[in-house]
Amino acid sequence: MPVLKNREDLAHLRTSAKAKLKEKTISGATIFIGMGTCGIAAGASDVAEAVRTELAARNLDTEIVSVGCIGTCANEPLVDIQLPGKPRVTYAKVTPKMVPCIIDEHLVKEQIIKKWAFAQLTNGTGSAEDGLTTYDEHPFYRKQVRIALRNCGMIDPESIDEYIAVDGYRALAKIVNEMDNEDVIDEMKDSGLRGRGGAGFLTGVKWEFCMRARGYPKYVICNADEGDPGAFMDRSILEGDPHAVIEGMAIAAYAIGAPEGYIYCRAEYPLAIERLKKAIAQAHEYGLLGENILGSDFSFELKVKEGAGAFVCGEETALIASIEGKRGEPRPRPPYPAVSGLWGKPSNVNNVKSYAITPQIMLKGADWFSSIGTPRSTGTAVFALTGNIENTGLIEVPMGITLREIIYDVGGGIPKKKQFKAVQTGGPLGGCLPVDALDTPVDFDSLTEAGATMGSGGMIVVDQDTCMVEFARYFLTFASAESCGKCVPCRIGGQRLLEVLTRITNGEGTLEDLDEIEYISEYMSEGSLCALGQLTPGPVIASLRFFREEYEAHIKENFCSAGVCAGMFTYEIEAELCPGCGLCVKACTSDAITGEKKQPHVIDQSMCIQCGACYQVCKLGAILIKRKHEIVPLETA
Amino acid sequence: MILENKEYPPAVVNPRRRSRLLAALYIAQEQYGWLGPDAIQRVADRLGLTPGQVKSTASFYTMFKLEPLGKYRIQVCEGLSCYLVGGAEPIIDHVAKRLNIKPGETTPDGKFTLEIVQCLAACGTAPALRVNDELCENMTPENIDELIEQLRQE
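Order-wise, the sequence lines are chains X and D. If you're matching positions, the first sequence starts at 1 in the working numbering and goes up one per residue. If you're matching positions, the second sequence starts at 1 in the working numbering and goes up one per residue.
Everything labelled a hint here was simulated from the structure, so no lab data went into it. It cannot be assumed that every hint is accurate.
No farther apart than 27 Å at their CA atoms in a straight line, the calculated lysine-lysine pairs in the DSS-like style are these [said to hold, decoys possible]:
no.	chain 1	residue 1	chain 2	residue 2
1	X	Lys22	X	Lys114
2	X	Lys326	D	Lys111
3	X	Lys486	D	Lys55
4	D	Lys55	X	Lys303
5	D	Lys65	X	Lys326
6	D	Lys111	X	Lys277
7	X	Lys303	D	Lys65
8	X	Lys416	X	Lys114
9	X	Lys115	X	Lys93
10	D	Lys65	X	Lys486
If you're wondering where the values come from, they're calculated on a predicted model, not measured in any experiment.
Please construct the entire structure, taking both the sequences and the accompanying hints into account.
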């Protein structure tokens, strides 16, 4: 590959790469297969193999492109077929058995199989086909604005040419030619971008601190140590569009005056690490990293550092210690890394999403970016939508959208006609919000005010069958296990809190325990060294605030209304609702349910082990969760 | 006590050299299977660190194993999706009961190690566990029994 010596070289390459990309979609058929971690986990490798076998059997040499995650993980594996001059049609939940049929009907006979098709994409490749929703109109995508995720699932993440064809590295070329470092920082400040790692500090201001700090060399660091349960935003970006992160980091390095950068990625993301390394090597070959980038006097080297399974390394000072090859323990701030970071030198640490957005801000301008979202939280927010929700997946929405819109419009609501109970944002260090808070706008300040946090982007929705005490205990178990042990409030406080909650879920809690929770939480948030300890009580405090009656029911009545905590509830069949279909009898694992066909059934409480199999299987909601003491033994009834 | 006149690593090593420690530990673990005294010493020698410095760092991270592992590493996922479908704890308890070891331990015959891990990215087919590099999905007590029996006979 030739080294790009200046801006014109890049423009030439862009023109030819664009032409090549267009050729792919205009003159030849292409098959795109979603090969992110989610796709592979859902069986995309087998599907890809089936596609290859089928093409070979038919003597077709159609090009197969592996793309990253397009966001709708619930529908993986996804296979897109692009016929020349036709829209790109996505097939969802593809199995190897479906492959021959799709290839035969669509690729050969050019007939879209509408019952399997998910949506069509029409950007400049022919007019939309009738009777099939386009991506723009699809309920899952309609309210989304994709900036950080713009290329995910669209381009081949392992090809730098495809990234260049979609205006990649154009922002970098623009700044090294037209702007000095202060211009870049001003543009960043004007855009109002707030750090997407969770704390929401203004990125431009952070860069300025680092730029003005004394010391050389300076470093730019990308925090890709995403470890929250139920969060995979950063992974999908690194797997689906690694060059955007590299370009964003190069821009930050130019602004700060840093010759070197590190991406700290958790070792649990092998595919992301592999693609990053590949992307860095490609950028090097083109001279977009290394010495004298695009003929300017700006030089920048980038390396990937692998973590080793410590959640606390997502904290910036711990992350820096880990890059240095030390125990990943945080240290008090100040001094902030912008003044004294990696090896005591000024260092700028940003999240993957912040860097992925940066090139777009430089290219389209601060005004464009700040026109999206709210005045104090500009731009978009990326969320990994998981839990009890119809459309799990990766979404990017403008700031200021309400939780209700995300959950019911984008997310498609709660499956199996169950009731929404709570939504947890900010992962194990965030908080949950109840149904009353559904109209809260999603931005940094509103969410904090409502009692949760923005966090880095995990959004977990739970339905009526989730016990909020147990839910809080789950996050607490995670956070306290991940405490590094350096400071006492976090190390001991987390353990004590966990003991209290375990007591309550075991039915041994007292009302004083609730005061104890508040007392310990206060000391933890005030006394802990880093955000991990300060925010560990977050989920507990939020659930206590919004679901206090559930805590009290556990303590006073020994009752878990969600039917989760063992021994704190019973199942009972409501005779009026039971048609006697017998489904529960078949599902019962302990032969506790009896009854004549078409007559209401009964559960023998002495045999019931509360496994919940009947509750899950009953379609009419005839099986109810009841307080234990209300039950009269069957014999005496 | 007379100290042997031996060359000790310099008190201040090049900090850049130390930053290779995590990567070096991964390589050593792959070669030795676990990070025993030999592996630790070798890494220390290569990077100009003391074995104490190396072990102190290695012990911080969950992915470095300071104990020998069993032939089959059974890693049970306790991620959110596995937890929500009733996996995690019941599955861990079941495996622990079958193997008669606690999480983090290895059976006396050196065949099995039970570990609890975070999300294995098999949320659609939860509960999941992994045996060495192989992912096993939709786990139930019954198919766990089958799996362990099969591995025992191999």
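Evaluated hints:
1. Between the alpha carbons of Lys22/X and Lys114/X the distance comes to roughly 25 Å, so the proposed pair stays at or under 27 Å and holds.
2. For the suggested pair Lys326/X and Lys111/D, the alpha carbons sit about 33 Å apart, so the restraint of at most 27 Å is broken.
3. Note on Lys486/X and Lys55/D: the hinted pairing holds, with a Cα-Cα distance of about 17 Å set against a maximum of 27 Å.
4. Proposed proximity of Lys55/D and Lys303/X is supported: the alpha carbons are some 25 Å apart, at most 27 Å.
5. At roughly 17 Å between alpha-carbon atoms, Lys65/D and Lys326/X fall within 27 Å of each other, so this suggested pair holds.
6. With a C-alpha separation of about 36 Å, the suggested pairing of Lys111/D with Lys277/X is violated against the 27 Å cut-off.
7. Note on Lys303/X and Lys65/D: the hinted pairing holds, with a Cα-Cα distance of about 26 Å set against a maximum of 27 Å.
8. With a C-alpha separation of about 25 Å, the suggested pair Lys416/X and Lys114/X falls inside the 27 Å cut-off, and the hint holds.
9. Taking the CA atoms of Lys115/X and Lys93/X, the gap is near 12 Å; set against the 27 Å cutoff, the hint holds.
10. Taking the CA atoms of Lys65/D and Lys486/X, the gap is near 21 Å; set against the 27 Å cutoff, the hint holds.
Checked against the numbered hints listed earlier, the structure breaks hints 2, 6; every other hint is satisfied.
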